[in-house]
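**Student:** Here's the letter readout for the chains.
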Amino acid sequence: MGLSIHDLKKAFGGHTVLDGLSLEVGDGETVVVFGPSGTGKTLLLRLVAGAHEASGGRILVDGRDVTNENPEHRGVGMAFQNFALFPHMSAYDNIASGLSARTKDKAAIDARVQATARLLKIDHVLGHQPRELSNGQKQRTALARALVGEPKVLLLDDPLRNVDAKLRYEMRLELPNLLKRFGSASLYVTQDYREAMALGDRIAVLLDGRIAQLATPAEIYEAPATIAVARLFGDPTINLLDVEPHLNGAGLTVSIANTRVSLPGGYAAAAGRPAVLGLRPEDVVVDDRPQGAVAVPVEVVAVTPLNERAVVLMRTDDGRELFAAEPGEAISGRRHGPAFASFDPARALVFDRADGRRIAPTH
Amino acid sequence: MDHTSPAEKILRGALLTLVVLFFIFPIFWIFLMSFQTNETILRIPPSLAFEPTLSNYTALISGRLETQSGTLDIQFMRNLMNSVVLSASAVALALVLGVPAAYAFARFKFRLGENIAFTLLSFRFAPPLLVLLPLSLYFQEIGLADTYFGLVWVYQLIALPMILWIVRGYFEDVSPDIESAYRIAGHSWWRTFTRIAVPLAGPGIAAAGLLAFIFCWNNFVFALILASAAKQPVTVGSLAFVTASGIQYGQIAAAIVLSITPTLLLALYAQRWLVEGLSLGAVKG
Amino acid sequence: MDAPVALAIAGVDKLYARRGKPPVHAVKGLDMAVGRGEIVALLGSSGCGKTSTLRMIAGFEAVSKGTITLAGRRIDPLRPAARNVAMAFEGYSLYPPLTVAENIAFALKAARLPRAEVEAKVAAMAKLLEIEPILGRYPSSISGGQQQRASLARALVRKADLYLLDEPMGQLEPQLRAVLRARIKSLLIENGMTAIFVTHDQTEANALADRIAVMEGGALQQFASPAELKERPTNLFVATFIGEPPMNVVETRVVRDGGTLRFALPEGPALAYSEAELGAAVSDAVGRRERVVVGIRPHRLTIGAGPLAGRILSSQWLGDETHVAAEVAGRMLVGVVGGRLAARPGETVSVGLPAASLHLFDPDGGAALAHGGRAAAGPSRNGIAA
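Chains as they are written, first to last, in the numbering used here: chain A, 1 to 363; chain B, 1 to 285; chain C, 1 to 386.
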């Protein structure tokens with residue numbers, strides 16, 4: 001097992017930032033640590049690297065307990081968000097520093113540095129100083145430095161954040177293959193949910209110092225553990241409507257502004273408890289006529305472009321806001337005024353309003 | 001802001017010229033004086049035109065001064081040597097002690113850290129005369145009076161606080177991430193300190209060392225009380241020119257020129273270097 | 001443009017002198033006119049000249065050449081304070097000894113407004129930007145994102161002829177940004193405020209701006225509405241800069257074969273279109289060229305239908321859509337499909353580039369030749385006649 005974290009805790013003064021994290025990352029696996037800023041993602045990486053001392057818990061790299069080891073003995077590679085290249089050394093020496101501690105064999109070091117640089121397409125700028133490199137090249141140099149030692153554990157702290165959009169997208173496509181090639185157990189930190197879903201074999205959603213959910217991108221998107229997690233994935237954000245589920249014969253129904261919605265069987269547990277209905281904007285269809293199992297009469301209030309899509313803001317009869325996301329061409333046709341918002345109840349998510357946890361349908 | 005009017009520019013230029021003249025003039029005058037004989041210097045009215053002579057310099061270098069009351073032995077070259085030895089040694093010691101200490105203050109937050117740092121700085125505030133008398137008695141007791149070692153030790157009061165406070169700031173400017181990166185790459189704390197932290201704070205260390213050198217060089221009181229003729233630096237040695245037969249202005253001027261030249265040259269040379277500064281292009285710019 | 005012109009930038013150049021080296025030409029011959037009540041974004045990567053332009057409008061840099069006119073009077077010789085321009089800085093720049101509330105109220109108090117009115121305005125702005133809880137705090141004790149919002153509040157609460165915002169929401173996280181964008185846009189529109197903001201974030205530019213000025217290397221590339229930039233980019237730079245994922249571009253060889261125009265990809269297969277599909281205008285725009293750069297936006301690339309065969313390199317599912325990278329005739333093309341894609345990496349899919357979604361560019365210089373079924377307008381890079 002590449003990386004094992006057991007019950008990791010970190011407190012500063014009286015203030016606990018990380019409160020008992022446990023996580024396993026297999027060889028060749030990429031686990032994305034995702035969450036809003038300030039939740040401790042970077043701190044987690046630094047604890048694993050050894051830059052900070054943990055207040056509790058254990059860290060194992062390749063089966064070896066490194067909790068009390070200095071950074072130089074942990075055998076991890078790290079790429080920083082602001083690159084942290086050595087300004088007084090060439091790109092070549094920056095990358096070579098990942099090996100120079102271990103061996104003095106110049107030829108071997110040279111071979112590895114050249115190979116890694118070629119892989120990251122910076123072999124032609126190896127002789128340059130960091131200040132002569134573009135941001136994209138600096139980031140690749142930082143990556144090369146982390147990878148050159150073929151570490152068992154790779155830590156990537158939001159490496160694409162300070163790189164311009166075009167390059168960021170390119171790297172998002174390249175990185176998974178690159179990481180698979182090196183076979184390290186990788187922890188990747190990001191605040192961009194799309195990046196998380198694109199790069200992660202699994203995603204650890206970090207909220208309030210704890211892992212709110214650790215699962216594959218598919219599970220997190222389709223079966224988020226809590227309302228907070230559901231909110232973080234998806235643009236525009238998921239629609240959340242307070243509802244009161246009522247038992248109705250064999251099934252459960254909720255009402256959205258006088259429209260009855262029959263929830264699929266299996267939600268019996270939700271009866272009687274105040275709930276929140278979660279509906280992803282892309283699952284809502286707006287039309288002049290009802291288009292499906294459930295159609296809620298609405299008033300279209302605004303239509304705004306969001307990259308390639310049109311976001312339709314609607315208001316229900318009881319004054320609640322509802323968003324739908326439609327393919328771009330629809331924007332010219334959609335007018336303000338009365339319409340119907342239709343959706344398939346099977347696509348809806350049900351959350352308990354009291355603790356925010358998703359209620360999973362039993363079968 | 002580029003909105004200065006021509007009038008403002010002229011005014012600025014004029015003021016700057018005045019200020020420069022004010023500071024440079026004494027040095028310029030001394031420089032002239034060093035090439036004049038005592039008679040020329042004391043002539044009234046003073047004039048800019050004169051016959052330059054090197055007799056002052058030769059007197060200093062040869063160590064023999066011809067006056068009305070006979071020849072004097074001048075220890076000037078000896079004093080110059082002492083200045084160099086004392087200042088250089090003091091700065092070297094202060095660097096060896098101060099640079100790691102500055103690093104510790106910059107990187108590690110330990111209890112009483114700020115208190116200790118401030119205490120060390122406060123040595124600069126205290127008037128030297130406060131400690132001199134007791135110090136000279138102690139030195140005589142432990143046999144450090146009139147030794148290079150004793151003087152270099154006392155000079156730490158001047159050099160060490162300066163090194164600490166200036167270099168600490170430069171270490172704080174080095175991003176801790178850079179040092180973390182080097183350690184994670186597999187290098188020990190010591191190697192990180194010597195290969196990364198010190199080189200990156202280099203300009204600051206050089207600047208601090210230079211300043212400390214200048215202050216040590218200029219010091220008068222410590223050497224006056226704690227050293228005898230053989231160990232005196234130029235500052236004290238210049239007193240010798242106040243002789244029984246009058247003040248030897250010419251030689252004093254020449255002595256001053258010779259004694260400020262090393263530090264002046266050092267400052268000029270290092271200034272270019274310091275201005276280049278550190279380019280932290282390695283961090284996202 | 002029917003709205004009267006508020007800000008006119010004519011022939012503006014900015015050169016930064018460097019010791020011992022030739023000066024940096026940060027802004028080259030900029031011509032721009034912003035209408036009253038219009039919201040304009042200056043968009044580009046770092047070093048393109050957008051911040052220099054903003055600073056020249058604000059008065060923190062002098063223009064090296066040219067004039068800037070605001071509300072009918074020339075402002076380029078004036079000091080910043082005399083220009084009646086409000087600015088929110090990237091580096092927050094709050095006054096440290098004043099609380100957040102006092103910072104926001106600063107310009108209002110300077111304008112001698114009655115106390116009750118000042119308090120009301122400050123409270124309303126604080127509510128809009130969600131900084132009510134920190135009104136009584138000092139700048140040193142609040143987070144970067146809060147400082148940024150306070151700085152924004154301070155600029156927007158004033159009455160000015162022009163509002164300049166330098167990367168106004170760079171420090172805020174995506175969710176908050178989306179919410180504040182909508183509110184700020186409403187505020188600007190409701191009060192008819194003319195605003196120019198600098199950003200490198202396209203989503204922000206697309207959402208907030210009526211028109212976007214794309215800059216690169218100090219020169220204005222195109223100044224048009226978001227839709228226009230996307231559908232009719234004037235050159236290759238704008239075409240590949242705007243849009244996420246970026247537009248696919250491939251250089252092809254042109255082969256005419258009777259009524260069919262073929263664009264041959266580097267390794268083998270060609271895209272064939274009949275004159276009828278492309279339209280005569282497009283065919284004429286291509287003219288006698290032997291090489292042409294073909295561009296198509298990832299959302300318009302058809303995956304699963306089309307004449308070409310692509311081997312899937314990667315398939316990234318992002319919840320509501322899937323981004324697919326496929327190798328087609330030796331080049332990598334990126335496509336976006338809604339929902340999930342059944343095919344997996346390693347498999348082959350058919351790929352098509354519909355004529356209506358094609359963009360054609362001149363390989364020398366990058367000027368646009370045709371978009372969809374229409375020829376591109378002549379070279380009017382500055383796009384003042386928008």
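The set of hints was computed from the structure by calculation and includes no laboratory data. Careful, some of the hints might be misleading.
[Said to hold, decoys possible] Each computed DSBU-like pair below joins lysine-lysine, with the alpha-carbon atoms no more than 35 Å apart:
| hint | chain 1 | residue 1 | chain 2 | residue 2 |
| --- | --- | --- | --- | --- |
| 1 | B | Lys9 | C | Lys21 |
| 2 | A | Lys106 | A | Lys121 |
| 3 | A | Lys152 | A | Lys104 |
| 4 | C | Lys109 | A | Lys121 |
| 5 | A | Lys180 | A | Lys121 |
| 6 | C | Lys159 | C | Lys127 |
| 7 | A | Lys9 | B | Lys9 |
| 8 | A | Lys104 | A | Lys180 |
| 9 | C | Lys28 | C | Lys127 |
| 10 | A | Lys166 | C | Lys121 |
| 11 | C | Lys159 | C | Lys185 |
| 12 | A | Lys9 | A | Lys180 |
| 13 | A | Lys9 | A | Lys106 |
| 14 | A | Lys152 | B | Lys9 |
| 15 | C | Lys159 | C | Lys121 |
| 16 | C | Lys28 | C | Lys65 |
| 17 | A | Lys152 | A | Lys180 |
| 18 | A | Lys166 | A | Lys104 |
| 19 | C | Lys65 | C | Lys159 |
| 20 | C | Lys109 | A | Lys104 |
| 21 | C | Lys121 | C | Lys109 |
| 22 | A | Lys180 | A | Lys166 |
| 23 | A | Lys104 | A | Lys121 |
| 24 | C | Lys121 | C | Lys65 |
| 25 | B | Lys9 | C | Lys121 |
| 26 | A | Lys166 | C | Lys109 |
| 27 | B | Lys9 | C | Lys65 |
| 28 | A | Lys166 | C | Lys65 |
| 29 | A | Lys121 | A | Lys166 |
| 30 | C | Lys109 | C | Lys185 |
| 31 | C | Lys127 | C | Lys109 |
| 32 | A | Lys121 | C | Lys159 |
| 33 | C | Lys65 | C | Lys21 |
**Student:** Against each hint, give a clear statement of whether it holds in the structure.
**Tutor:** Hints and how they fare:
A hinted pair counts as satisfied when its Cα atoms are at most 35 Å apart, and Lys9/B with Lys21/C qualifies at roughly 24 Å. Distance restraint check for Lys106/A and Lys121/A: the Cα-Cα separation of roughly 22 Å lies within the 35 Å cut-off, and the hinted pair is therefore satisfied. Proposed proximity of Lys152/A and Lys104/A is supported: the alpha carbons are some 21 Å apart, at most 35 Å. Only pairs whose Cα atoms come within 35 Å are accepted, and Lys109/C paired with Lys121/A is rejected, the gap being roughly 57 Å.
Between Lys180/A and Lys121/A the alpha-carbon distance is near 17 Å, which keeps this suggested pair within the 35 Å criterion. A hinted pair counts as satisfied when its Cα atoms are at most 35 Å apart, and Lys159/C with Lys127/C qualifies at roughly 18 Å. For a cut-off of 35 Å, the pair hint linking Lys9/A to Lys9/B is broken: about 61 Å separates their Cα positions. With a CA separation close to 28 Å, the supplied pair Lys104/A and Lys180/A stays within the 35 Å bound.
Our distance criterion of 35 Å between C-alpha atoms is broken by Lys28/C and Lys127/C, whose separation comes to about 41 Å. Of the supplied pair hints, the one linking Lys166/A and Lys121/C is violated, its CA atoms being roughly 41 Å apart against a limit of 35 Å. The suggested pairing of Lys159/C with Lys185/C holds, with an alpha-carbon distance near 17 Å, which does not exceed 35 Å. Only pairs whose Cα atoms come within 35 Å are accepted, and Lys9/A paired with Lys180/A is accepted, the gap being roughly 30 Å.
A threshold of 35 Å between alpha carbons decides the hint, and for Lys9/A with Lys106/A the separation of about 41 Å lies outside it, so the pair is violated. This hinted pair does not check out: Lys152/A and Lys9/B have alpha carbons roughly 63 Å apart, beyond 35 Å. As the CA atoms of Lys159/C and Lys121/C are separated by approximately 11 Å, the hinted pair is consistent with the 35 Å bound. Restraint check: the Cα-Cα separation between Lys28/C and Lys65/C comes to about 9 Å, which is no more than 35 Å; the hinted pair holds.
The suggested pairing of Lys152/A with Lys180/A holds, with an alpha-carbon distance near 12 Å, which does not exceed 35 Å. Proposed proximity of Lys166/A and Lys104/A is contradicted: the alpha carbons are some 39 Å apart, above 35 Å. Restraint check: the Cα-Cα separation between Lys65/C and Lys159/C comes to about 29 Å, which is no more than 35 Å; the hinted pair holds. Distance hint between Lys109/C and Lys104/A is unfulfilled; the C-alpha atoms sit about 68 Å from each other, more than 35 Å.
A hinted pair counts as satisfied when its Cα atoms are at most 35 Å apart, and Lys121/C with Lys109/C qualifies at roughly 11 Å. Between the alpha carbons of Lys180/A and Lys166/A the distance comes to roughly 23 Å, so the proposed pair stays at or under 35 Å and holds. Annotation: proposed proximity of Lys104/A to Lys121/A holds, straight-line Cα distance about 25 Å (limit 35 Å). A threshold of 35 Å between alpha carbons decides the hint, and for Lys121/C with Lys65/C the separation of about 39 Å lies outside it, so the pair is violated.
For a cut-off of 35 Å, the pair hint linking Lys9/B to Lys121/C is broken: about 42 Å separates their Cα positions. Restraint check for Lys166/A and Lys109/C: the C-alpha separation of about 45 Å exceeds 35 Å, so the hint is violated. A C-alpha spacing of about 21 Å is found between Lys9/B and Lys65/C, which places the hinted pair at or below 35 Å, so the restraint holds. Pair hint Lys166/A plus Lys65/C holds up; C-alpha atoms about 33 Å apart against a cutoff of 35 Å.
Distance restraint check for Lys121/A and Lys166/A: the Cα-Cα separation of roughly 16 Å lies within the 35 Å cut-off, and the hinted pair is therefore satisfied. Our distance criterion of 35 Å between C-alpha atoms is met by Lys109/C and Lys185/C, whose separation comes to about 25 Å. Using a Cα cut-off of 35 Å, the hinted pair Lys127/C and Lys109/C holds, with the two alpha carbons roughly 20 Å apart. A threshold of 35 Å between alpha carbons decides the hint, and for Lys121/A with Lys159/C the separation of about 51 Å lies outside it, so the pair is violated.
As the CA atoms of Lys65/C and Lys21/C are separated by approximately 20 Å, the hinted pair is consistent with the 35 Å bound.
Comparing the model with each numbered hint stated earlier shows that hints 4, 7, 9, 10, 13, 14, 18, 20, 24, 25, 26, 32 do not hold.
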